[in-house]
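Chain A is fixed; fit chain W onto it per the hints.
Take a look at the letters that make up each chain.
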Amino acid sequence: AQKITQTQPGMFVQEKEAVTLDCTYDTSDPSYGLFWYKQPSSGEMIFLIYQGSYDQQNATEGRYSLNFQKARKSANLVISASQLGDSAMYFCAMREGISSGSARQLTFGSGTQLTVLP
Amino acid sequence: DTAVSQTPKYLVTQMGNDKSIKCEQNLGHDTMYWYKQDSKKFLKIMFSYNNKELIINETVPNRFSPKSPDKAHLNLHINSLELGDSAVYFCASSQAVLTPDTQYFGPGTRLTVL
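For the record, the sequence lines run as chains A and W.
Okay, so the first sequence: first residue is 1 according to this note's numbering, each after it adds one.
Okay, so the second sequence: first residue is 1 according to this note's numbering, each after it adds one.
Calculated from the structure, these hints are not laboratory results.
Mixed in with the good hints there might be a few duds.
As the list claims (entries may be wrong) - Calculated cross-link-like contacts (lysine to aspartate or glutamate; reagent style EDC-like; alpha-carbon spacing at most 16 Å):
#1 W:K36 to A:E44
#2 A:K70 to A:E96
#3 W:K40 to W:D85
#4 W:K9 to A:E44
#5 W:K41 to A:E44
#6 A:K73 to A:D55
#7 A:K73 to A:D29
#8 W:K36 to W:E58
#9 A:K3 to A:D26
For clarity, every value in this text was computed on a predicted model and none was experimentally measured.
Just chain A, same shape as in the assembly:
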């Protein structure tokens, strides 16, 4: 079963508008973390934002915010005031056992290709 699901293979948004990229996850571990990464056409993977399962507030980092709905197991990324440079592939990822202190891998979703239109 898919642990991370990103149902939007592609999204378009007008410059300066906000956009929401969907991510749902599946885990029975009560201690997990959700990460979003950006992969521009140049190929590198850039960490954007993190949300822990025990965090009381939704994470925010500049123009990025996470709409974390634990009961629905969703962690949608909201990008406000889109810029042309936001055009990229966006990946949602989960790390289970976040408080264990031992390394675990990230499980990635299939990604959403975002295109910002001028």
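Chain W only, in chain A's frame:
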């Protein structure tokens, strides 16, 4: 001030050859990873080392062998390359005891097997 670096960035080789990809991190992290990104952009863990010890070893052909000479380096050696090995290989590092133990990625190595 590169955090996670990989060499080479591009690697084009013939089927059957043996090749290596090198990774170095200067973040002082204790854990390093290799991920494979296929042609559909799907990313999957291959290996992870913590303080030079192999801790994650996913179902990967044994033609792939990671080596960690020290905790700042994790190399990937691939024997008898096959067409299906063509992909982008990413190295990443993190500090396992931190919460979150955010993984920082290298620029990737695009491997093309002809």
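Checklist entry - Do the alpha carbons of K41 (chain W) and E44 (chain A) lie within 16 Å of each other, as the hint requires? => result Distance ~12 Å between K41 (chain W) and E44 (chain A) Cα, so the pair holds.
Checklist entry - K36 (chain W) and E58 (chain W): Cα distance at most 16 Å? => result Measuring from Cα to Cα gives roughly 11 Å; hence the hint holds.
Item to check | Restraint check for K36 (chain W) with E44 (chain A), where alpha carbons must lie at most 16 Å apart | outcome: 13 Å, holds
Checklist entry - Do the alpha carbons of K40 (chain W) and D85 (chain W) lie within 16 Å of each other, as the hint requires? => result At roughly 13 Å apart (the allowed maximum being 16 Å), D85 (chain W) and K40 (chain W) satisfy the hint.
Checklist entry - Going straight from one Cα to the other, do K73 (chain A) and D55 (chain A) come out at no more than 16 Å? => result 14 Å, holds
Checklist entry - Straight-line Cα separation of K9 (chain W) and E44 (chain A) no greater than 16 Å? => result 11 Å, holds
Checklist entry - Keeping to a limit of 16 Å between CA atoms, is the pair of K70 (chain A) and E96 (chain A) held or broken? => result 14 Å, holds
Checklist entry - Straight-line Cα separation of K3 (chain A) and D26 (chain A) no greater than 16 Å? => result It holds: about 5 Å lies between the C-alpha atoms, which stays within 16 Å.
Next on the checklist: Would the hint linking K73 (chain A) and D29 (chain A) be met if the CA-CA limit is 16 Å?
Outcome noted: Status holds; Cα separation ~12 Å.
No hint from the list above goes unmet by this structure.
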